[in-house]
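Student: Listed below are the residues making up each chain.
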Amino acid sequence: MGEYAIFVWPCYISVVILLAGLGYTSWTAKKKATRKLEDLKHQLDQLDSQD
Amino acid sequence: MHKFANPARFLRISKIITPWCFILTVVSMAVGLYWGLFIAPEDYQMGSAYRIIFVHVPASYMSMFVYGFMAVASAVGIIWKHPLADQSARAAAPIGAIFTALALFTGSLWGKPMWGTYWIWDARLTSELVLLFLYFGYLGVWEAIEDTAKAARVAAIVALVGAINLPIIKFSVDWWNTLHQPASIMKSGGASIHPEMLWPLLICILAFNLYFVTVILWRIENLIIRRQIRGLQIRLAEEGQNHG
Chain D
1 MGEYAIFVWP CYISVVILLA GLGYTSWTAK KKATRKLEDL KHQLDQLDSQ
51 D
Chain W
1 MHKFANPARF LRISKIITPW CFILTVVSMA VGLYWGLFIA PEDYQMGSAY
51 RIIFVHVPAS YMSMFVYGFM AVASAVGIIW KHPLADQSAR AAAPIGAIFT
101 ALALFTGSLW GKPMWGTYWI WDARLTSELV LLFLYFGYLG VWEAIEDTAK
151 AARVAAIVAL VGAINLPIIK FSVDWWNTLH QPASIMKSGG ASIHPEMLWP
201 LLICILAFNL YFVTVILWRI ENLIIRRQIR GLQIRLAEEG QNHG
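So the protein lines, in turn, are chains D and W. This note's numbering puts the first residue of the first sequence at 1, with every later residue one more than the last. This note's numbering puts the first residue of the second sequence at 1, with every later residue one more than the last.
Okay, chain W solo, but in the shape it has when bound:
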């Protein structure tokens, strides 16, 4: 795994992978969203309002997955002090924040017709909101501390401490009495959704995962190139002084 963590090798591999990931993201996103909006049958109880799950469930799942990814990358950064791990966590944070914001927004639009309110201080909703603040806090650390190495250490601690929130989000519907329904896909005994509704949902989840891979690769590439730019700027300044 360490050989892929070499920035130059990473850039070479990333340049090959990203165009394919981008094409697959666009295709799967278009198919998933179209299927969810127009082809999947109406729910006999919730009518067309249930179509919100085709974007809400993938966004919610990805909001937690990305934070988990950040926590693992941060742990690797702390233990092996590899800058690419820190950069990966940093690159993932804005994507995770967007997924979390979308999960909260689409969830509130689901809540109004289903529960009669856009928001309630329910355990699942509140812990998801805490996740959004954790993302903001993590991003804030990177913005606030100029020294990159120090920012990486502090941000990694924020990511690792915040990871405690992930099982709270996941099991909040089991531990507390909440308005939010319990798991209906990832549960023992298999999914309790009809295949005609499950397939577009799985395609949307795949599309959101591919989107994450594509965008994080772009963002990591950007961070690596910016590091190289700083190195070259220092070299240019030194050579400029020698010529002067």
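In isolation and in its complexed conformation, chain D is listed as follows:
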């Protein structure tokens, strides 16, 4: 890569870090929301069974 490595590598590294970061945060946010939804459904079921 020679003299251009200082320009090429930061491009590839920034692409991998930013895309992986956004992908990871999107996936974990979805997982977290799914867990919360399950918890709420469980709470609602418990309330319904008390009636």
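Keep in mind that a hint or two might mislead.
Covered stretches of chain D, going by a simulated chain W footprint (3 or more residues, C-beta under 8 Å) [as the list claims (entries may be wrong)]: (1) 5 to 17; (2) 27 to 33.
Residues of chain W clear of chain D, computed beta-carbon distances all greater than 12 Å [to be verified]: (3) 27; (4) 81; (5) 111; (6) 174; (7) 175.
Since the hints were derived computationally from the structure, they do not count as laboratory data. C-beta atoms are modelled at their ideal positions from N, C-alpha and C, and glycine is treated no differently.
Given the structure of chain D, go ahead and fit chain W onto it with the hints provided.
Tutor: Okay, now just chain W, sitting in the frame of chain D:
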């Protein structure tokens, strides 16, 4: 098309598609980036600096494609008032903003060795920077307005007005005298890149598209689930009051 816009059906289909899209994204991204970095031959004039195009071109293309997607989804949201269209546009915005930031960053790292400067107020670069601000503005509207329906309407107007910038970006290199080179892939008469360099570029473009599909599906799923959570929270509060 309307039957896929049903949130429950969308979630079911999305759960089947996303794992496959994710695997394909990882594989194509790994192949494209490795090919671009290590296998593609050096350019006889630009040496290895040209390898930046394997990430710069897909990021630039996707920055415009995602905004176009947002504009279409916003138009659908305004015309048919379908919440899934608004949520799709909202889910796409952060992905588009990241692509635009990457296009500008990698472009500036290309500019230094090729043009002798990281930045110049050239028509292509400036219109791409305007695109980044449009993404920020769009995301800002969603954050600033609490009422979801009102935020969706205002954000949709921002997306539609901002779409005027897309042809400006695309044709800026033809309409004005710019440092940025004209189109070399999507032009009449075919691509002017050697196949040994074109193939890794096409794989990278495919990988960026697959990435977009994967992440937007995750983000739309998240927004739909959050809506369901709000509905359940209201129901729980009402039932809690009845029990109290």
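Student: A separate judgement is required for each hint: does it hold in the structure or not?
Tutor: Status of each hint after checking the structure:
Against chain W, the region 5 to 17 of chain D contributes 9 residues with a C-beta closer than 8 Å to a partner C-beta. That satisfies the three-residue criterion, and the hint holds. A count of 4 residues in the region 27 to 33 of chain D with a Cβ less than 8 Å from any Cβ of chain W is obtained; the coverage claim is therefore met, three being the minimum. With a closest Cβ-Cβ approach of about 14 Å to chain D, residue 27(W) is found to remain outside the 12 Å limit, as its non-interface label requires. For residue 81(W), the non-interface assignment is confirmed: its Cβ lies about 24 Å from the closest Cβ of chain D, beyond the 12 Å cut-off.
A beta-carbon of chain D comes within 12 Å of the beta-carbon of residue 111(W); the shortest separation is about 9 Å. Under the 12 Å C-beta cut-off, the non-interface status given to residue 174(W) relative to chain D holds; the minimum distance is some 26 Å. Every CB of chain D lies more than 12 Å from the CB of residue 175(W), the least distance being 28 Å, so the non-interface label holds.
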